[in-house]
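Peer 1: Residue numbers (my numbering), protein chains in the order written: chain G, 1 to 292; chain A, 1 to 191.
Everything labelled a hint here was simulated from the structure, so no lab data went into it. Model, not experiment: these values are computed from the prediction. Note that beta-carbon positions come from the ideal geometry of N, C-alpha and C, so glycine has one too. Please note that the accuracy of each hint is not assured.
Non-contacting residues of chain A with respect to chain G, defined by C-beta distances greater than 10 Å in every case (computed) [unchecked claim]:
id, residue
1, S14
2, A87
3, R96
4, S102
5, M107
6, Q135
7, R138
8, E153
9, S156
10, L164
11, R180
These stretches of chain A come out as covered by chain G in the derived footprint (C-beta under 8 Å, 3 or more residues) [stated by the list, open to error]:
id, region
12, 58 to 64
13, 139 to 149
14, 168 to 179
Simulated DEER-style distance windows between Cβ atoms [said to hold, decoys possible]:
id, chain 1, residue 1, chain 2, residue 2, range
15, A, D24, G, A257, 41 to 47 Å
16, G, A240, A, D24, 36 to 42 Å
17, G, A83, A, N97, 53 to 59 Å
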Amino acid sequence: MNQTTPPPSLIRFQRDLEDAIRRDLATTRPRGRLPRVGLRVGAVVLAAAVIVAVVLVTSTAGPDVQSAEATTINRAADALHPASGTILHVDSTLTTSYPQGQHWSTRQDVWQQQQGTLCNWLNLRRSAPGTPAGTEGGTVNGRDELYDPVRNTIYIAPPIRVPPPPPGVTLPNECSYMADFAKQVRGLLTSGRARVDGRARIGGRETIKIVFTHAVETYYVAADGTYAPVELVSGRPADATGMSTTVFHTYEELPGAGNADLLSLTARHPTAGVVYSVAGFRAANDRLFPNG
Amino acid sequence: MQSDRPTGRYERTSDASLLRDDHDPAGAFSELYSRHVGTVHAWFHRRIEWAASDLTAETLTRAWLSRERFRDDRDGSSLPWLLGIAANVLADTVRRNRIEASARERMGLPLDLATEDGYVEVEDRLSPCTTLERQLRRLPEHELEALELRVLEELSYAQVGARLAIRPAAARLRVSRALRRLATTVPKEKR
Chain G
1 MNQTTPPPSL IRFQRDLEDA IRRDLATTRP RGRLPRVGLR VGAVVLAAAV IVAVVLVTST
61 AGPDVQSAEA TTINRAADAL HPASGTILHV DSTLTTSYPQ GQHWSTRQDV WQQQQGTLCN
121 WLNLRRSAPG TPAGTEGGTV NGRDELYDPV RNTIYIAPPI RVPPPPPGVT LPNECSYMAD
181 FAKQVRGLLT SGRARVDGRA RIGGRETIKI VFTHAVETYY VAADGTYAPV ELVSGRPADA
241 TGMSTTVFHT YEELPGAGNA DLLSLTARHP TAGVVYSVAG FRAANDRLFP NG
Chain A
1 MQSDRPTGRY ERTSDASLLR DDHDPAGAFS ELYSRHVGTV HAWFHRRIEW AASDLTAETL
61 TRAWLSRERF RDDRDGSSLP WLLGIAANVL ADTVRRNRIE ASARERMGLP LDLATEDGYV
121 EVEDRLSPCT TLERQLRRLP EHELEALELR VLEELSYAQV GARLAIRPAA ARLRVSRALR
181 RLATTVPKEK R
């Protein structure tokens, strides 16, 4: 195919785009390829923000500091340890603010359950530019599923057979991203560099404020005895790469037994039509996520 | 054609691997940009010259945002995938009759490369629909006439032939040639 010499504007744009990608990556997780076509991750953005924060913390931390409220901090860490087979429900909003006053915000309502090597998950708030409100999707029993609220139709693609990874390689999935989030925050809390810094009221909820020595992260957990995450702030308002705030509207574990319907789009939308087709799924994916 | 960026680091790396690079995703995507910006720009240049830079930039930004959709079914090359995105960007541009910029807006990137390229006057920057209408008017008169009879008046080739005093096979040939010419300049609707 023929080529032209791109004008200088496109050479400059290459640098602009590379810079923009680095900014994009600084505020979201380092995006590896996902195992499924086009399915944007529910918990990934949240997990990425925390992972970035943890890297920052571990790279800048000084000598260990004993926690003033070891019991509180240990319980906060324990609250991030979902039991095997349970359904983890995390409804959260991640907001990134930039010094110039720009804001970027996304809300995700993720339900997930690790079953052996399978990760079943649904995101009931699939938000992206151009995506209709009420769009839902996920992967259940290896099948990609999408709910189109405009057509009241569920599109299900058959399982994709992927070759097994090389020995020693574990492919990430939604559950591992969320597990990474919990693992990393637990790492923060058990690092010996965490301390309780009083209480705060956030969205009408009484919380315990936890800060980390030599780091800019602030973590708030529920003061109702559950120690569930309420808010995590990463960075400062003046940071060029932005400040991320994750608000947890809900963070709960539910028993797996008897709750299978929580991870079923057909159970959630009993009046919806169901289309089993790769082509139908792909068309719905393109229609519901017009901007990728 | 390559841009002025060094490419040695990725010399033996396929496009598919660049899109999966977790070590330096921005650098890897920039390499992909270097490899294909010339071809994508040429593709747009033939269709809507004054907006070729903007639409190329939009295509490559959209490619970054939708990189998870890339399927390696062309021996590692991403060019067919990029040109598919380009076709969609052009179709969106024509449908809305404005230069598509949503991906660049989302990434906080420059939105008016045409001015940088020197397309300043109104006459230089005809609307996408007007530009494509001009492509139609550039068809040879006899082909345009046959095409109008066939498409707008929905006549059979026998009827087109009768109206133009040519054989039906010749009418079919004229329409076919016109469509082939337009195929290189007018975007198709998305499937």
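Peer 1: Please go over all the hints and tell whether each is borne out by the structure.
Peer 2: So, going through the hints one by one against the coordinates:
1. S14: Fine: 14 Å to the nearest Cβ keeps S14 of chain A off the interface.
2. A87: The claim stands: A87 of chain A keeps its Cβ more than 10 Å from every Cβ of chain G (closest is about 13 Å).
3. R96: Check passes; 12 Å lies beyond 10 Å.
4. S102: violated, 6 Å
5. M107: violated, 4 Å
6. Q135: holds, 18 Å
7. R138: R138 of chain A clear of chain G: closest Cβ-Cβ about 19 Å, beyond 10 Å.
8. E153: Answer for E153 of chain A: holds, closest chain G Cβ roughly 33 Å.
9. S156: S156 of chain A clear of chain G: closest Cβ-Cβ about 33 Å, beyond 10 Å.
10. L164: It holds; L164 of chain A is separated from chain G by about 34 Å at its closest Cβ, greater than 10 Å.
11. R180: holds, 17 Å
12. 58 to 64: holds (count 4)
13. 139 to 149: violated (count 0)
14. 168 to 179: Coverage by chain G is violated here, the residue count being 0 at a Cβ distance below 8 Å.
15. A:D24 with G:A257: 41 to 47 Å: Once the Cβ atoms are compared, 45 Å apart, the range 41 to 47 Å for A257 of chain G and D24 of chain A holds.
16. G:A240 with A:D24: 36 to 42 Å: Between A240 of chain G and D24 of chain A, where Cβ atoms are some 19 Å apart, the hint is violated.
17. G:A83 with A:N97: 53 to 59 Å: holds, 56 Å
The structure shown violates the earlier hints numbered 4, 5, 13, 14, 16.
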